[in-house]
Amino acid sequence: MQSRDQLTDDLAPSYTDRSIHSDIPRPVSTGIRAAAVVAAWLVPGAGHLVLGRIGRGALFFLVITGAFITGLAIQGRLYWPTVADPPSLLHYDLITVLWTFAQIGSGLCYLGSYVMGFGTTPHPEAATYEYGNTFTFLAGLLNYLVVLDAFDIGAGRKR
Amino acid sequence: MHVLMMTLYAAITATVLAAVETRAESTRDRVIHGLKIFGSFLGIGLLLSWVLYPIPW
Chain A
1 MQSRDQLTDD LAPSYTDRSI HSDIPRPVST GIRAAAVVAA WLVPGAGHLV
51 LGRIGRGALF FLVITGAFIT GLAIQGRLYW PTVADPPSLL HYDLITVLWT
101 FAQIGSGLCY LGSYVMGFGT TPHPEAATYE YGNTFTFLAG LLNYLVVLDA
151 FDIGAGRKR
Chain B
1001 MHVLMMTLYA AITATVLAAV ETRAESTRDR VIHGLKIFGS FLGIGLLLSW
1051 VLYPIPW
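Protein chains in written order, with our numbering: chain A, 1 to 159; chain B, 1001 to 1057.
In short, the hints are calculated from the structure, not lab data.
A portion of the hints provided could be inaccurate.
[Said to hold, decoys possible] Looking from chain A toward chain B, a few residues come up when the C-beta cut is under 7 Å (computed):
| # | residue |
| --- | --- |
| 1 | R26 |
| 2 | I54 |
| 3 | L62 |
| 4 | V63 |
| 5 | A67 |
| 6 | Y144 |
| 7 | L145 |
| 8 | R159 |
[As the list claims (entries may be wrong)] Keeping only pairs whose Cα atoms sit at most 16 Å apart, straight-line, the calculated EDC-like set for lysine to aspartate or glutamate is:
| # | chain 1 | residue 1 | chain 2 | residue 2 |
| --- | --- | --- | --- | --- |
| 9 | A | K158 | B | E1025 |
| 10 | B | K1036 | B | E1021 |
| 11 | A | K158 | B | E1021 |
[Claimed, not checked] Distance ranges between label pairs, derived from CB positions:
| # | chain 1 | residue 1 | chain 2 | residue 2 | range |
| --- | --- | --- | --- | --- | --- |
| 12 | A | R159 | B | M1006 | 29 to 39 Å |
| 13 | B | T1027 | A | S29 | 24 to 34 Å |
| 14 | A | L94 | B | I1032 | 34 to 44 Å |
| 15 | B | Y1053 | A | R26 | 49 to 59 Å |
| 16 | B | T1027 | A | G156 | 28 to 38 Å |
| 17 | B | R1023 | A | P86 | 44 to 54 Å |
| 18 | A | T121 | B | R1023 | 16 to 26 Å |
| 19 | A | A84 | B | V1051 | 12 to 22 Å |
| 20 | A | G66 | B | T1022 | 16 to 26 Å |
| 21 | B | V1003 | A | A126 | 15 to 25 Å |
| 22 | A | A84 | B | I1044 | 18 to 28 Å |
| 23 | B | V1051 | A | M116 | 17 to 27 Å |
| 24 | A | L98 | B | T1022 | 38 to 48 Å |
| 25 | B | Y1053 | A | G156 | 31 to 41 Å |
Predicted model only: the values in this text are computed from it and were never measured.
Glycine included, each C-beta is placed from N, C-alpha and C at the ideal position.
For reference, chain A alone in the conformation it holds in the complex:
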């Protein structure tokens, strides 16, 4: 019969690859997750702050808000769906719907700017007009990714 110590020594190697999973991501409550998703859409990075990921939240805020402001600063334009001319099956001009969808992803950046009238007057004659539009689209689309990331963290699928 093996002594207790010998038995322990024999068993130990099979447990060496076990880690203590104290950092396993855990899902948060549905309310907090919903708050994180809404906050993430309204203010880039705020969803991660709600979930305690302060560093990542600050990074997202700086990068996405910076992209949006850069876009507006270099004569980018904010879109809103316009009625198609000539009339189409969709009633609205599809490309303006898609551009609006892309830009509105940046939440309050878009809504606040639109309400205050920043970027609502197009300047297609400006050399940087298309660059500016692209940066505002980029900010919104990246923020959709960030919203999904916040949802996944809240659901316990990611750290």
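Fit chain B to the known structure of chain A by using the hints.
Using the frame of chain A, we list chain B on its own:
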């Protein structure tokens, strides 16, 4: 101007994509992943511009 804008675009995109990367285990992995995305954006952009340059329209 175009290269500057492309670089800025690549930097912003690479930063966010690296930060939301699921498979990265550490910050170092994320940084490496981000640099790969950044380099890919610039490299493919320059390659495409070189390939498309002779086309007159």
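Do the hints match the structure? See the list:
no.: 1; hint: R26; verdict: violated, 17 Å
no.: 2; hint: I54; verdict: violated, 13 Å
no.: 3; hint: L62; verdict: violated, 9 Å
no.: 4; hint: V63; verdict: holds, 5 Å
no.: 5; hint: A67; verdict: holds, 5 Å
no.: 6; hint: Y144; verdict: violated, 11 Å
no.: 7; hint: L145; verdict: holds, 6 Å
no.: 8; hint: R159; verdict: violated, 9 Å
no.: 9; hint: A:K158 <-> B:E1025; verdict: holds, 11 Å
no.: 10; hint: B:K1036 <-> B:E1021; verdict: holds, 12 Å
no.: 11; hint: A:K158 <-> B:E1021; verdict: holds, 9 Å
no.: 12; hint: A:R159 <-> B:M1006: 29 to 39 Å; verdict: holds, 32 Å
no.: 13; hint: B:T1027 <-> A:S29: 24 to 34 Å; verdict: holds, 28 Å
no.: 14; hint: A:L94 <-> B:I1032: 34 to 44 Å; verdict: holds, 39 Å
no.: 15; hint: B:Y1053 <-> A:R26: 49 to 59 Å; verdict: holds, 53 Å
no.: 16; hint: B:T1027 <-> A:G156: 28 to 38 Å; verdict: violated, 21 Å
no.: 17; hint: B:R1023 <-> A:P86: 44 to 54 Å; verdict: holds, 49 Å
no.: 18; hint: A:T121 <-> B:R1023: 16 to 26 Å; verdict: violated, 44 Å
no.: 19; hint: A:A84 <-> B:V1051: 12 to 22 Å; verdict: violated, 35 Å
no.: 20; hint: A:G66 <-> B:T1022: 16 to 26 Å; verdict: holds, 24 Å
no.: 21; hint: B:V1003 <-> A:A126: 15 to 25 Å; verdict: holds, 19 Å
no.: 22; hint: A:A84 <-> B:I1044: 18 to 28 Å; verdict: violated, 35 Å
no.: 23; hint: B:V1051 <-> A:M116: 17 to 27 Å; verdict: violated, 43 Å
no.: 24; hint: A:L98 <-> B:T1022: 38 to 48 Å; verdict: violated, 27 Å
no.: 25; hint: B:Y1053 <-> A:G156: 31 to 41 Å; verdict: violated, 49 Å
Violated hints, listed in ascending order, are 1, 2, 3, 6, 8, 16, 18, 19, 22, 23, 24 and 25; each of the other numbered hints is respected by the structure.
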